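Trainee: Take the sequence shown: its letters are residues 1 to 326, numbered as in UniProt numbering.
Hints were generated in silico from the structure; no laboratory data involved.
Computed from a prediction, not measured in an experiment: that's the story for all the values here.
It is possible that part of the hints are untrue.
[To be verified] Cross-link-like lysine-lysine pairs, in silico, DSSO-like; alpha carbons within 27 angstroms at most: (1) K115 <-> K183; (2) K187 <-> K57; (3) K40 <-> K223.
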Amino acid sequence: MKNFQIIRALSSGSAVTNISKEKEAMFIAGGTNLVDLMKKNVVAPDKLVDINGLDLKKIEFLKGKVSIGALAKNSQVAEDASIKEKYPLLSLALAAGASQQIRHMATVGGNMLQKTRCSYYYNTDMPCNKRTPKSGCGAIGGSNRMSAVFGASDSCIAVHPSDMCVALAALDAQVLVEGPKGKRQIKFTDFHRLPGNTPEKDNTLDNKELITSVEIPDNNFTKNVHYLKVRDRTSYAFALVSVAVALDIKNNTINDVRLAMGGVAHKPWRLTEAEEFLKGKTISEEIFRQAANLSMKGARGYGDNDFKITLGANAITEALTIAASK
1 MKNFQIIRAL
11 SSGSAVTNIS
21 KEKEAMFIAG
31 GTNLVDLMKK
41 NVVAPDKLVD
51 INGLDLKKIE
61 FLKGKVSIGA
71 LAKNSQVAED
81 ASIKEKYPLL
91 SLALAAGASQ
101 QIRHMATVGG
111 NMLQKTRCSY
121 YYNTDMPCNK
131 RTPKSGCGAI
141 GGSNRMSAVF
151 GASDSCIAVH
161 PSDMCVALAA
171 LDAQVLVEGP
181 KGKRQIKFTD
191 FHRLPGNTPE
201 KDNTLDNKEL
211 ITSVEIPDNN
221 FTKNVHYLKV
231 RDRTSYAFAL
241 VSVAVALDIK
251 NNTINDVRLA
261 MGGVAHKPWR
271 LTEAEEFLKG
281 KTISEEIFRQ
291 AANLSMKGAR
301 GYGDNDFKIT
311 LGANAITEAL
321 TIAASK
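With these hints in hand, go ahead and build the complete structure from the sequences.
Mentor: This is the structure:
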């Protein structure tokens, strides 16, 4: 691991100022992803700005929304009684992520910024356009069982690994950030990027901007929700495919719906076309199957991950069925 300097920021403003002074500087909070990357020499910052002392850990229930500080721990949010009551989909998704030990260290902001878990990205002896632009994508034509079936490009077929982010995309969250140019707000579905020709750019943040909080608007999705995570082992494994479902059901009819997938794209994959299809429909297995098939329209496998297309449709059908039965 390369030698680096570490400083502790006492305010959001000082954190942004300190990171703006050097090109090779990064924020660090829980460090559950960043430290791994530094150990493997995938990233090698000259300076780390420790933001753990900032007042960004609160969960505040405000008029019409909840505000979750970027430094709130994943376990803190998942176990919060009011989150479980008002935003149960988020709690379920967080509880499905990583291990209990990691959830006690990982932060909301860090979860959003975690890097892909593609084996080619982590192996510095292999080509990876995300790690080293224009070096090639080893997963294309290589081992790609975990790779994307939506939104990929000739430059990258990696997937975003977060469970929490799938729920936040489904719940129309907003990301609040602060940087040298001031504060701004980003729709969660616009926060992460598809790879295109620049897969090294994971999101729409300026590299000197700091996530300060995430806001979720109030909704009626408090009962018929489910987060389904299909993985190789139940304990501490990333999703092959995951599905976040939130239904607002009245008299056996779907009044409103939110639907998103994980493990299938470079960003959480919101299924807006299927949502529109389901609105106003009477609950039935056939309707759910039709929505699932519609959701997987345009999916493309790369060999080892071809099974994700069938798995994705089955997972959506199952997740909708479970959510509707609650």
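Trainee: All hints are to be evaluated individually against the structure, with a verdict given for each.
Mentor: Against the structure, the hints come out as follows:
1. K115 <-> K183: holds (24 angstroms)
2. K187 <-> K57: holds (21 angstroms)
3. K40 <-> K223: Violated, at roughly 43 angstroms.
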